[in-house]
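Novice: Construct the complete structure from the given sequences, taking the supplied hints into account.
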Amino acid sequence: MQTVGVGTAATPPESGASATLPRLRVTASSDTRGLLFVAEVLIGDNRQVAMLPWTLPSSAQAKPRVSITTKILWIQPEPILDLLLVDSGSQMLVLSLNGVASYRSSGEKWTPSATASLVLPRPMPRDPRGRLESTAGGVEAFLPVATCVVVWNPELKLTCASSVANWPGTLGTHWVADRNVLEGDAPTPSFAGWGSDWASIADPCSAGTVGGAGKVAIASSPNTEHDSVRTYLILDGQANPTSDPLPLPGPVTALWEAESPGQATLVVHNLQTGEYEASRLALACSQ
Amino acid sequence: MELSNADGRGGSALSMPIAETLVRWNSRGEMEPVLAVAWQHDPDYKRWRFSLRPKVTFHDGEALTGASAAPALLAALKPKYSDVSIETGGQAVEVKAEHPMPDLLDVLALPGAAIFRKSDANALIGTGPFRVTASEPGRHLTLASFDDYWGGRPYLDAVAIEFGTGRGHADLFDIPVGPARRILPEGLATWSSAPRTLVAITASNADPALLQALALAIDRGPIGNVLAQHNGEAAFALLPHWLSGYAFLFQSTPDVPRAKQMVSQLRRAPLSLSYPANDLFLRSVAERVALNARDAGIAIQPMPGGNGNLRLVEFPLESEDAAHELLRIAPQSNPPDLTRAESLYQLERTLLDEHRIIPLVHLRETYGIAPRVHFQKPGADLFELHLEDAWVDQRAAP
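Which chain is which? The protein sequence lines are A and B, in order.
For the first sequence, my numbering assigns the number 91 to the initial residue and increments by one for each residue that follows.
For the second sequence, my numbering assigns the number -4 to the initial residue and increments by one for each residue that follows.
Errors might be hidden in some of the hints.
Reference excerpt, derived from the structure (chain B facing chain A, CB under 10 angstroms, subset only) [as the list claims (entries may be wrong)]:
#, residue
1, W20
2, S140
3, D143
4, R335
Because the hints were derived from the structure by calculation, they are not lab data.
Every residue gets a Cβ at the ideal spot worked out from N, C-alpha and C, and that includes glycine.
Specialist: Right, here's the structure in full:
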């Protein structure tokens, strides 16, 4: 944040000339659009005012040690809640508001293979969320209004029950029924500047160090409509940025730890196209 | 969820969207789409074309189309643009007039330009996240969530709103601005809006020099801190600082000696300051102003109701558009281009130097929130509390 600056060109009062010398006062203020610099030129009782709106530049940072790369996997007009690669990455399951669709990998493209509709006991809440998780029995879709078992082989099928189940491998993490918030025994971290989405993934810079691979948090940042994501190392209760913010073409609607270690699934609502883009985020150590 | 509203002044900071507008101002002062997803205009601003959001339905199931939106739009635009006409086709709406309409988006963002329909049973059928299930004007209003809302179903199933009552068992209730001290139960959360209602003295028939002296004599600090119990900020400008960014340029301290000196050179005509008859807060403000005025040698008689030559008036903000709000407070027949902060400041400076309006205090709106009530994005919006983002923890005690 820029500080308020006050500059004067006044002579001491005893000089007798101070009333005629101009004085300049600059104030860093803000309005609903951002920073506003207000300059006042004071000459005696007269005051002239000039104003300059100003957009805050990104703060100077030490060289970031983590870089984030993205690869778009799927784009569609309907909101994407989550995406999961199965069968060693040869198939992709996409969870949407209306159901689950499966796709087959054919080179760099994904070819639709089947869709199954979600029949939910009640409508999803606003700002809908959902998670696809590999479980011992296959794949489950965890939604705030239901939990569904997904079978994709030999044919795609969805079987939903109107209950919210604990996520596998967590300390009782589950959706709170009818809301888009999670409840669990583990505390949920939240830091200034973070949005509502974050995921904990392997820190690429800690591999091979004493103690083994640590974790970094990758979190969305609601900077106007065009969110960004950034990695943080949580130390002593502080979130320390370890990457540059990666600007995105719209708000983040989902950010989950992916099935592959060191990766995350990101869904962005692209405001230019109006479509939802699901990407894979991967981290690399740039030290 | 139960909600009570005891204060006729309150309620405008509480967003309970039943009907929606084509566009709205966001918290950064930018226009953003709501029911319109795109718009364009000709170089003369005489012809605007809007594309309506697809797959939006009214609460009774009728689809939002140009034809279904046109009657409400036309009714909202006619008072401002008398020769306006609307043509529709599918999801397209074309607004035309003989005169330029450069500020059409500003008008369309106002609550009065919300798109709604009427039926024999329901006077307000909108497209918003809540639908009206029962209402008795001035007494209560019952809302239910609209499951097919295009922006996603709200968390709350139903909202019961009681007007003109105290807190009772309400989950959300307004805390009126007033002289009576209120002690809130421990653990109760409160939410306060940014200052959004200007209380000012307006003059219809008074010597501007006398008003200048009065403005110098009034001590605004106690009005915000004591009379409004810190629910207000002393106002020296018409627009609050968070909206304009320059209100500090108008700040001053009371100067009773100078006011006295000015008054001594004027012909002293008795002044009366009228305020709404049943408003205890404005009555206390009027009495305070009269007290300050007396110190400067100005005789002011506070007068409930009636038509004094001075009037205590409230100007609640209805948008985050600084230019629009300034022109609402002080309409101009031929307003200058107010897109730049400097031109906005110059107009406000001119208005205040004319001494026909004396700003006193900018009031916040404050709500008490029961512990079981949560908001999806608490504090995200300084201007409004969004009921569509609220939910009630059923396991917690009321």
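Novice: For every hint, state whether the structure bears it out.
Specialist: Against the structure, the hints come out as follows:
1. W20: With a minimum Cβ separation of about 8 angstroms from chain A (threshold 10 angstroms), the hint on W20(B) holds.
2. S140: Where the cut-off is 10 angstroms and the nearest Cβ of chain A is about 9 angstroms from S140(B), the hint holds.
3. D143: D143(B) check passes; min Cβ-Cβ to chain A is 8 angstroms, inside 10 angstroms.
4. R335: holds, 8 angstroms
Going down the numbered hints, you'll see the structure goes against none, and every one checks out.
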